[in-house]
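Novice: Construct the entire structure; sequences and hints are all you get.
First to last, the protein sequences are chains A and B. Residue 2 is where the first sequence starts when you use my numbering, and the numbers rise one by one after that. Residue 6 is where the second sequence starts when you use my numbering, and the numbers rise one by one after that.
Treat each hint with caution, since some may be false.
[Unchecked claim] To give a feel for the contact side, a few chain B residues facing chain A, derived at Cβ under 7 Å:
1. 87
2. 89
3. 91
4. 100
5. 104
6. 107
7. 108
8. 110
9. 114
10. 129
11. 137
12. 138
13. 152
14. 153
[Stated by the list, open to error] Derived coverage of chain A by chain B (criterion: at least 3 residues anywhere in the stretch with Cβ under 8 Å from a Cβ of chain B; other residues may be distant):
15. 9-18
16. 36-44
[Said to hold, decoys possible] In silico contact screen, one side only, chain B against chain A (beta carbon under 7 Å); selected entries:
17. 95
18. 101
19. 111
20. 113
21. 117
22. 119
23. 120
24. 124
25. 126
26. 133
27. 140
28. 141
29. 157
30. 160
31. 163
What the hints contain is simulated information worked out from the structure, not anything from laboratory work. The beta carbon of each residue, even a glycine, is placed where N, CA and C say it ideally should be.
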Amino acid sequence: VNPLLVLCAAGCVSWLLRVTFIDLFPARNLPPWIRTALGAGGPAAIAALIATDLTRTVLHGESLPAVLAAMAAASAVTMRFQNLGLTAAVGMAVYWLASLVNG
Amino acid sequence: VALDRPLAESELQRDLRVAQASSHELEDLGLSFTQGIETGGYLFLGRKKGSDFDSRTDLGNPQRFRRYWLTVAAAIGVVWLSAIGLTLTIGDLLPAETPLTFAPIAILVGILVPKLHYQEARQAAIAAGLATLCGGSLPSGGGLLLGVVVGAFAPTLIARRST
Chain A
2 VNPLLVLCAA GCVSWLLRVT FIDLFPARNL PPWIRTALGA GGPAAIAALI ATDLTRTVLH
62 GESLPAVLAA MAAASAVTMR FQNLGLTAAV GMAVYWLASL VNG
Chain B
6 VALDRPLAES ELQRDLRVAQ ASSHELEDLG LSFTQGIETG GYLFLGRKKG SDFDSRTDLG
66 NPQRFRRYWL TVAAAIGVVW LSAIGLTLTI GDLLPAETPL TFAPIAILVG ILVPKLHYQE
126 ARQAAIAAGL ATLCGGSLPS GGGLLLGVVV GAFAPTLIAR RST
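Specialist: And the structure:
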């Protein structure tokens with residue numbers, strides 16, 4: 002399949018999903034339980050991606066304690082500074098140091 | 006939502022109502038189209054009141070408003086696509102074992118943690134993480150999908166059980 006066609010199709014599906022809940026079925030008209038689920042979808046998706054990445058990283062032979070230490074450091078930096086660049090930098094630095102310690 | 010201070014419940018509810026209002030409903034509330042968009046921005050982009058949008062006082066005209074945001078979106082698109090092209094080119098040159106392998110997780114943690122201010126978000130994140138780990142053996146990324154669905158509906162189910 003032509004990759005360009007796949008990209009265009011993915012873009013169309015993404016746009017349709019977004020516009021559905023803005024124009025066709027405005028969120029304010031949906032039942033409360035669906036609105037709650039839509040609101041929780043963001044944190045759920047990000048947490049699921051983190052769990053998937055975490056599993057993949059550990060399965061590839063990386064040290065679980067190093068990953069967990071780096072995640073804790075990244076969380077602390079985010080809570081204190083709310084700066085993505087700083088969070089990534091500190092997370093990677095702690096991950097690198099923890100990996101060295103764990104051999 | 007990143008805020009300097011916790012919003013009072015009534016203030017948050019009012020902002021949510023404004024962010025979801027149609028142009029006619031905004032008129033009823035005595036607000037302009039731009040004010041509705043800005044309120045949505047505060048809530049959904051995590052901007053802080055008293056900065057960013059508030060500093061732009063020259064966007065009241067709808068034509069200027071649209072030109073400004075279309076230009077910003079185009080600039081972001083160009084930088085985004087250029088960065089992807091660049092990393093596709095230089096990515097293979099980097100050694101496999103670098104701290105960069107942790108970068109995606111760090112970025113996702115940086116996005117998730119500010120959202121955990123609300124109890125529903127915490128419930129969703131914990132349920133999604135656990136469900137994803139439990140469904141890790143499912144084929145074709147099924148664990149990820151399971152995690153998202155379980156996490157999205159977890160706050161509703163927990164609320165129903167507690168009432």
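Novice: Looking back at the numbered hints, which does the structure fail to meet, lowest number first?
Specialist: 1, 2, 3, 4, 15, 17, 18, 24, 27, 31
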